[in-house]
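Protein chains: 2
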Amino acid sequence: MKNTPHPFPPFQLELPQWVTEFLKSQPVAFPTPEARMTLVTTLSQHNIEEGTGGPFGAGVFRVDTHQLVAPGVNLVLSSQNSLAHAEIVAIIMAQQLLGSHDLGAAGLPSHELVTSCEPCAMCLGAICWSGVSHLVCGAQGNDAEAIGFDEGPKLKDWASALEQRGITVTKNIGRFQATQVLQKYVEQGGKVYNSRQGSKEPPR
Amino acid sequence: MKNTPHPFPPFQLELPQWVTEFLKSQPVAFPTPEARMTLVTTLSQHNIEEGTGGPFGAGVFRVDTHQLVAPGVNLVLSSQNSLAHAEIVAIIMAQQLLGSHDLGAAGLPSHELVTSCEPCAMCLGAICWSGVSHLVCGAQGNDAEAIGFDEGPKLKDWASALEQRGITVTKNIGRFQATQVLQKYVEQGGKVYNSRQGSKEPPR
Chain A
584 MKNTPHPFPP FQLELPQWVT EFLKSQPVAF PTPEARMTLV TTLSQHNIEE
634 GTGGPFGAGV FRVDTHQLVA PGVNLVLSSQ NSLAHAEIVA IIMAQQLLGS
684 HDLGAAGLPS HELVTSCEPC AMCLGAICWS GVSHLVCGAQ GNDAEAIGFD
734 EGPKLKDWAS ALEQRGITVT KNIGRFQATQ VLQKYVEQGG KVYNSRQGSK
784 EPPR
Chain B
584 MKNTPHPFPP FQLELPQWVT EFLKSQPVAF PTPEARMTLV TTLSQHNIEE
634 GTGGPFGAGV FRVDTHQLVA PGVNLVLSSQ NSLAHAEIVA IIMAQQLLGS
684 HDLGAAGLPS HELVTSCEPC AMCLGAICWS GVSHLVCGAQ GNDAEAIGFD
734 EGPKLKDWAS ALEQRGITVT KNIGRFQATQ VLQKYVEQGG KVYNSRQGSK
784 EPPR
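Quick mapping for you: the protein sequence lines, in order, are chains A and B.
Letter 151 of the first sequence, counting from 1, is numbered 734 in the numbering used here, and no numbers are missing.
Letter 100 of the second sequence, counting from 1, is numbered 683 in the numbering used here, and no numbers are missing.
Isolated chain A, as found in the complex (with noise of 0.2 Å):
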């Protein structure tokens, strides 16, 4: 006798193949918080051409080797799904492959994230719930508003509340060349989704 199905079955989420093939191209260690974030932007002016997702990357790392934990790329479309904005398919990669829900547990090194566009309302809050001890920002929010991208109902002082709560923020590393990969998007045709109803703009 079978059991019931499951009506609810397992949601995966899983990086694209060309990101492994990417980074076998890559250097093990970033030792600079700039080449840290040509990889993350590297990895959203691949995304878009590879018509994986949106124009954004990110990547976790340690902080004391600079070496790649775990990247992340925008998969809202192609994973069928709002939330995975690059911040947060990094975070639960990296979460998964250390085995913890808190980046920042006892035993672990600390861990950084770096993203190549400021983050949203959504990853502003998960990036205080993931253990990550620090942020490092490409494009500015206003740079993603420029081209149909929402950052969400967010505090104005956003990176001040991180800071209260021990996480230090670095803003405007590699902005030119982040927000190139924004442009190209659009120049593109790229779609800027929009998940809301009854809003004249788009969410990221």
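Heads up, none of these hints are tricks.
It does not matter which identical chain is used: a pair holds within one copy or between any two.
With a straight-line Cα cutoff of 20 Å, these simulated SDA-like cross-link-like pairs (lysine to any residue) come out:
#  : residue 1 : residue 2
1  : Lys774    : Asn725
2  : Lys754    : His649
3  : Lys774    : Ala689
4  : Lys607    : Pro592
5  : Lys774    : Ser661
6  : Lys767    : Ile730
7  : Lys767    : Glu632
8  : Lys767    : His629
9  : Lys607    : Pro593
10 : Lys754    : Ala742
11 : Lys754    : Asn725
12 : Lys767    : Gly634
13 : Lys774    : Gly634
14 : Lys739    : Lys754
15 : Lys607    : Ala618
Hint data in this document are derived by calculation from the structure and do not stem from the laboratory.
Remember, it's a predicted structure, so these values are computed and weren't measured experimentally.
Please build the complex by placing chain B on the supplied structure of chain A, with the hints as guidance.
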């Protein structure tokens, strides 16, 4: 010859089996906000009794028929994923079942998210991107904070921010019942998990 193994295995999120078993005893539709809240609060209670997560439950419902589309319970510890709040789990499952990143997409009925406790900063942002058009809350953020959980960096007037985006908000439905589950979690020694460094308060 084998392919290079993927260094980032897929992440899988699955509802506990007891959720399926429990739902068999439930009606098909939940015509009142109170009935929908009772369902998600009961899920939160079972979640702590079964030891599968924190004291939070949620559900995505069709607005027209009041049918449950997808349930959610907090799975942070069991899934080793700090993002697996009840609201997030319900949204992920609903989007997967409907095959859309947008629960408000053309051709779909309107959807409501019912949650046993007001959303934290992350879930607030996630609600904006989910496509739901209504939010119903049980316990207040204060009630969760009273037992040590943290709401995160959230706009004080978060409900107005949702309303401005076309998402209506109803608070304090079954608040007493939902808060009792929070209390029970503390009494039974439930872990108020902390994923943050350098902070005095634990996150939710």
